[in-house]
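Chemist: Listed below, chain by chain, are the residues.
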Amino acid sequence: MQRAAGPSSTQGRPFWRSLSARLFFIALVWVALLLIGASIIFSQLFSDYLTGALDDRLEQYGQALIGAAQIDDAGQISFDRPLGQQRFVVPYSGFYWQVGSAEQAPLRSRSLWDQVLEVNYTGAQPDVSLSVRPGPDGQILRVLERDVFLPGAKMPYRFVVTGNLDEVREELANFNSTLFWAMGLLGLGVIAVVALQITYGLRPLGRLRRAVMDIRSSKAERIPDDLPPEVMPLVGEMNALLDQNEKTVDRAKTQAGNLAHALKTPLSILTNEAQAGQASLAATVEKQVALMRRHIDYNLARARAATHYGRAHMTADVGNAAQAIVRVISKLHRGCTVHLQIDIAEGTRVHAGQQDLEEILGNLIENAAKFGAGEVLVVLKAHTDGAGRHVDCLVEDNGPGIEAHEREEIFARGKRLDETIPGTGLGLSIVTDLLDVHGASIAMGTSPALGGLQVRVRFKQA
Amino acid sequence: MRLLLVEDEPQLAEQLATGLKDGGYAVDVANNGEDALHMGSVESYDAVVLDLGLPVIDGVSVLEKWRDEGRKFPVLILTARDGWSEKVAGLDAGADDYVTKPFKLEEVLARLRALIRRSKGHSQSELNCGPVMLDTKTSRVFVDGAAVRLTAQEFKLLSYLMHHAEEVVSRTELTEHIYDQDFDRDSNTIEVFVNRIRKKLNVPIIQTVRGLGYRLEEPVESAE
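Chains A and B supply the protein sequences, listed in that same order.
In terms of numbering that gives the first Met the number 0, the first sequence opens at residue 0 and continues consecutively.
In terms of numbering that gives the first Met the number 0, the second sequence opens at residue 0 and continues consecutively.
Bound conformation, chain B alone (with noise of 0.2 Å):
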């Protein structure tokens, strides 16, 4: 999943960009409002962490606009004004989700996979297809009960494929959306991964669409 992550504080902005990527999330930073503005309204993000506090557009101002641009990504709020007016200034400008510094790493972490998942239409935080079952909180995977060992990368594909279940996903939106700006793209890479996807899980469940993409869909065996 890609993140943008909104801080205009350097060292705070630093400790939860590696906090995300530690949790497997692809981050991109912006530290003031008038970037995150344009990040926001050009690049397609999974969420969104934004700080209130900002320097040339304040966050609210820059949710606002968001939301009008139609841009429907979840939004998780940073801010240090806990009052309840500023909580439904925020949420009722498009906000998601409110978070009071200080805060701890593990309650972002949750609170942002619960605004992805919920956002792709997953109520819980076990993800199933078939015999797969991924659990979001520890980044686990299972088949029939048994734990799969994948690597970060191949977490990251297979949780983006399964947070979008039955539609059929590029490999450059694959690309965009696992990977860091900063990172060296291959979109030969994407074929790696799912190959060695397949051969760790061996059950059927990610489908190749010629020209297209790929789609996670239940096995036949499964669905019968």
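Next up, chain A with everything else stripped away, as it sits in the complex (with noise of 0.2 Å):
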């Protein structure tokens, strides 16, 4: 007879508020910015390089050309030889040189074909100066300006070199879509690694969770200690709950218990003064007082069985318990003869508190003896089935036996097949409790040896 589990700790309640949600967003959220702001760093950079690299080599051009340049004997400007790039000499390459001044009309490189450059020959200029501007054919031009003195001349020829942007930019934009799927690669993996940390990390939690679990069923006492440090201060301060808790219930048990004994020997005070009172009176109050003692066993048995929920994982010797019983059977009830046959090994013990075992077995036996036929026969025998080893207690007697449609009744509080017989009616009501707490099971039927009631109880062997 088991108890069913708890309810999940996830129900009810969104994912996002979880640990492991939090842990993996905050990540999420750190490594995408990470990642962009490295992409635009990355890319920004890359874009100077090239640009840079773009700028030193319209540099290079443009000194080429000025050593490349002379002034005729008309004064006019000429070039000695030619620059030597090709990309000069391509149409509409992009990269175009021209060479003017105030006076003269420029001189062009073949690249620029039919175009002209817009220059202003007469403004101010710095020593070089760059620039960006459109092209020829809709390009962007990344211009070299710079005005020089040539030997022999009379006024500044400006020496104008371009390059073509576009081949850049595009560099760049050929950059940037490998980076992208570069970093998002990266990305992925770093979330991956990250979500791979965070369950590894939180496993401990789940440890302590079954923890839990297995002293909410029964299988254990505290919480075990090799968790990992971060969680033992919890671990600590929950085995200390614990041990408050079961004191508590220890204490309400023995209240329970002091005040149900308590009221015993004034019951027995008020049973006896009536008996010498008026016959009535008497009877009225016989009534009440089996009346009161009835609700204080069936209530001091249920406390006691309430305390020992959680602390199933009890174990007594089921055969030493057995002996002691018949023992006090025995002398209790001298006209029963009770034998006793253990066939389990000695020291055998069974799941169940050393207390608990006496009543479920001082009942059942006890019961026998009442309502048997002088005869009772006990029987220890180990029980092996899938669910695992067991100890079977089976307790039979010559009597009448039960009818099947009574057995079930039996087992109710206060019912009582025979009343003409002392009792309460509580005493299976209490084995059966008790029987639940240990995860131990009861049947009835008839005995082979004796012919009366035989009563199977099953215990899990520890």
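Hints are computed from structural coordinates only; laboratory data are not their basis.
Ideal Cβ placement from N, Cα and C applies to all residues, glycine included.
The reader is advised that the hints may include incorrect statements.
What the hints assert, rightly or not - Some chain B residues near chain A, calculated using beta-carbon distances under 8 Å:
#: 1; residue: Leu11
#: 2; residue: Glu33
#: 3; residue: Arg80
#: 4; residue: Asp81
#: 5; residue: Gly82
#: 6; residue: Trp83
#: 7; residue: Ser84
#: 8; residue: Lys86
#: 9; residue: Gly93
#: 10; residue: Asp96
#: 11; residue: Tyr97
#: 12; residue: Lys100
#: 13; residue: Pro101
#: 14; residue: Phe102
#: 15; residue: Lys103
From the two separate chains plus the hints, produce the assembled complex.
Modeler: Here it is, written out as structure tokens:
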């Protein structure tokens, strides 16, 4: 007779409120911010690198152009050698040069073809200026300008060299695309590792939960102390709480017991006084006292059984308990012969506390002595099945037995099939409560040896 | 028969003592474990009614000490604690029977009668000696089936002798087991009661053993 497991801790709670979700979300946001920031920085750095490289090349081309320029006898600028760069020959390559002055029409690279760069030759010009301008055919050009006084010239000539910024931008776009995929994959990898880390890191909480479940299902008494140091303070507090609960329950049980026992003496006095008094008053008092006693006995037994929930890890020597009860029954019921047959190893223990075991066996064997015809047989034997190892305790008598349809009724509180024999009718009700605590079972049948009732209680072997 | 009643609750002790005296017993009362231990150790009782929840020394400890000292009188435990563990502890400590509170006085008297009978070797409630039959349940005496009226003291004396049939019982022993502690005892009273019993029974079952006391035995004609 097992108690049902408690409700799942995740029922009714959104996932996003879980520790895993919080840790995962924080990691996700942080990783995303880092990767995006890194991507922006890397992209900008690469862009600056590409632009800087283009500027350096333009500077070199400019210097080469200036080095090749000369003023001829007519006072006109000319070049004594070509620039040597193929890109300045290919029409509309984006790489152009143009040299001119306020008084002379500009000389142009072949790549400009039929286009002329718009240049203000009369405006003031810093030593070197770099700018971005639209060029022919919708191009975006990187423009380097420099004014140079050539030997023999009467005025400065403006040297303009351009590079194709579209190529730089295309190269940057390719880089960014690659960067995006690389960072994306990196991000996925990091998130996956973070998820694994969270799962592994929170695993002790799962162990803690299982430990608490073991306590609730009476498989353990305390939470084990082999959990990580970060969780141990919580474990310590929980074990302290369990200790406190146990003491509280013990105190309550003791107080209930003391109250009940304290009531019994006054009840005895009332009973005896009533017997000496008027007949009608005596009958009333006796009846009410009997009722009070049944309430006391029942609630006392319930309180005792209730304290054992959660302590069903207790075990007891079933052979010793049976021998003790048989000794007592033999003394209290001298007209009855009780045989005890032990077919289990000495020292065999079952899952039941000593007191509970004696209570169970005491009630069953006494019932057999009361309702039998003078002979009781108690047998202890081992039983193994798919559910594990058990000890069967068979209590048999040579009485009239119990009809099959009455066997369920007798477990009801206070139900007595034979009112002529003294008793409160609470014994079997208490027995079933205690069996429930310890996961034991009970079954009734006919005794093959004595012909009367056979009651079989099956305990889990410890 | 002389009983020791050990009960610390005064009203219950008084009720029980009265009931036991009405049942034909001489009753001594102790209201704590220490006094009970002393009285049980030095006095001769036919039975003891012992409450377990006692001040000073608890009932189980008192019982264990009596048994250790070799005191063999039957003990009936009275207690509010009716768990089987408590019954095992009490009976293993040396008790012979167990009554839980609240109880009926009749139950206590019936169990005491049975205990005393068994302790003297009698298994039935009716004690027989020749034509004389003493019914411990109804406290009546019959001779050849005819009822004989005895006073309470006469009945106590005859009952004690029949429980100790074939044994020599001294006047002192009779005095101790029939009268309460505070009763004004006179050994001549025993002789008077014995003579009156002999006359009423008109059967020679009570023999005088000179210098020793009395012995109850079957009449020679019946034995033959």
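Chemist: Are the hints correct? Go through all of them and say.
Modeler: Hint by hint, here is what the structure shows:
At its closest, the beta carbon of leucine 11 (chain B) sits 5 Å from a beta carbon of chain A; the interface hint therefore holds under the 8 Å criterion. Given hint, glutamate 33 (chain B) at the interface with chain A, is violated; its Cβ is 20 Å from that chain's nearest Cβ, farther than 8 Å. With a least beta-carbon distance of about 6 Å to chain A, the hint placing arginine 80 (chain B) at the interface is held under the 8 Å criterion. A cut of 8 Å between beta carbons decides the hint on aspartate 81 (chain B): the least distance to chain A is about 7 Å, and the hint holds.
Checking glycine 82 (chain B) against chain A: minimum C-beta separation of about 6 Å stays under 8 Å; hint holds. With a cut of 8 Å, the hint placing tryptophan 83 (chain B) at the interface with chain A holds, because the nearest CB-to-CB distance is about 3 Å. Look at serine 84 (chain B): its Cβ gets to within about 5 Å of chain A, closer than 8 Å, so that hint holds up. The criterion of a C-beta within 8 Å of any C-beta in chain A is met by lysine 86 (chain B), whose closest approach is roughly 5 Å, and the hint holds.
The criterion of a C-beta within 8 Å of any C-beta in chain A is not met by glycine 93 (chain B), whose closest approach is roughly 11 Å, and the hint is violated. This hint holds: aspartate 96 (chain B) has a C-beta 7 Å from the nearest C-beta of chain A, less than the 8 Å allowed. At about 6 Å, the closest approach between the beta carbon of tyrosine 97 (chain B) and any beta carbon in chain A falls short of 8 Å, and the interface hint on this residue holds. At its closest, the beta carbon of lysine 100 (chain B) sits 4 Å from a beta carbon of chain A; the interface hint therefore holds under the 8 Å criterion.
Here the hint on proline 101 (chain B) is kept, as its CB sits about 4 Å from the closest CB of chain A, short of 8 Å. Taking 8 Å as the C-beta contact cut-off toward chain A, the hint placing phenylalanine 102 (chain B) at the interface holds, the least distance being around 6 Å. The closest approach between the C-beta of lysine 103 (chain B) and any C-beta of chain A is roughly 6 Å, which is under the 8 Å cut-off, so the hint is satisfied.
Hints 2, 9, counting from the list given before, are not met by this structure.
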